[in-house]
Each structure stands twice: as C-alpha cells, then as structure tokens.
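Working from the sequences, and respecting the hints, build out all of it.
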Amino acid sequence: MTDDCAKDPILAHVEPVPGGLYGNQAYEVALCDLRSAVAEVSAALRDAGNPLIEQLTRYQRDLGRAQTQLRPDDTAALERAHALSGTVRYIAGRAT
935 MTDDCAKDPI
945 LAHVEPVPGG
955 LYGNQAYEVA
965 LCDLRSAVAE
975 VSAALRDAGN
985 PLIEQLTRYQ
995 RDLGRAQTQL
1005 RPDDTAALER
1015 AHALSGTVRY
1025 IAGRAT
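Residue numbers (my numbering): 935 to 1030.
Do not take every clue at face value.
What follows is a set of in silico ranges between Cβ atoms, one per label pair, in the way DEER data are often shown [stated by the list, open to error]:
hint, residue 1, residue 2, range
1, 1009, 969, 13 to 23 Å
2, 980, 1006, 27 to 37 Å
3, 985, 1007, 16 to 26 Å
If you're looking for bench data, these hints aren't it; they were derived computationally from the structure. Glycine is no exception: its CB is placed at the ideal position from the N, C-alpha and C atoms.
Right under this line is the structure:
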C-alpha cells in the first residue's frame, strides 16, 4: 500500500447496485468485502516474506470459509465478515 492510498477500504464508501437476489443489502456488501480481502491476500502472498506466508495462507482459508458460511439474515456473521476483512487487510499491508 502506498502512502497516497486511502487507509480504509473503498467498499465502506460504496453502496451496492440495486437488484439481484440480495441487492442493496448488507449481505452483498459483506460478501464483496470478503472477496476483495481475498484478492488483497493473494496479491500480498506474492511478495510476502517467509514468516507471513503461513499467516496469510491461514487468513485466505478463513476468508473462503467466511464466504461460504455467510447468510443474509445473520447480522453477527456480517459484522464478523467485515472485521475479518479489516484484519486481513492490515496483515496483508504489512507484507508489502
């Protein structure tokens, strides 16, 4: 991450596009946040040093599991998804 990048995720400032099964709902935003975090971890793994590779790989699995377990009516899971995404972004940022 460069110094001129925003410190918070862009998804926090974007509203989902209306439509679709869960369009314009917190579920859609949480799912997008998880997917974005997966992409950031994948990119960070490329440049990560040995101590962080294991940790990032574990977070990558956790993100994948969170995606499959996410349910639109489980608000606690939606909050956990955002929290996990934020943690992963922080760790991935240390890898670069």
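| said: Tell me the hint numbers this structure goes against, listed in increasing order. | reply: 3
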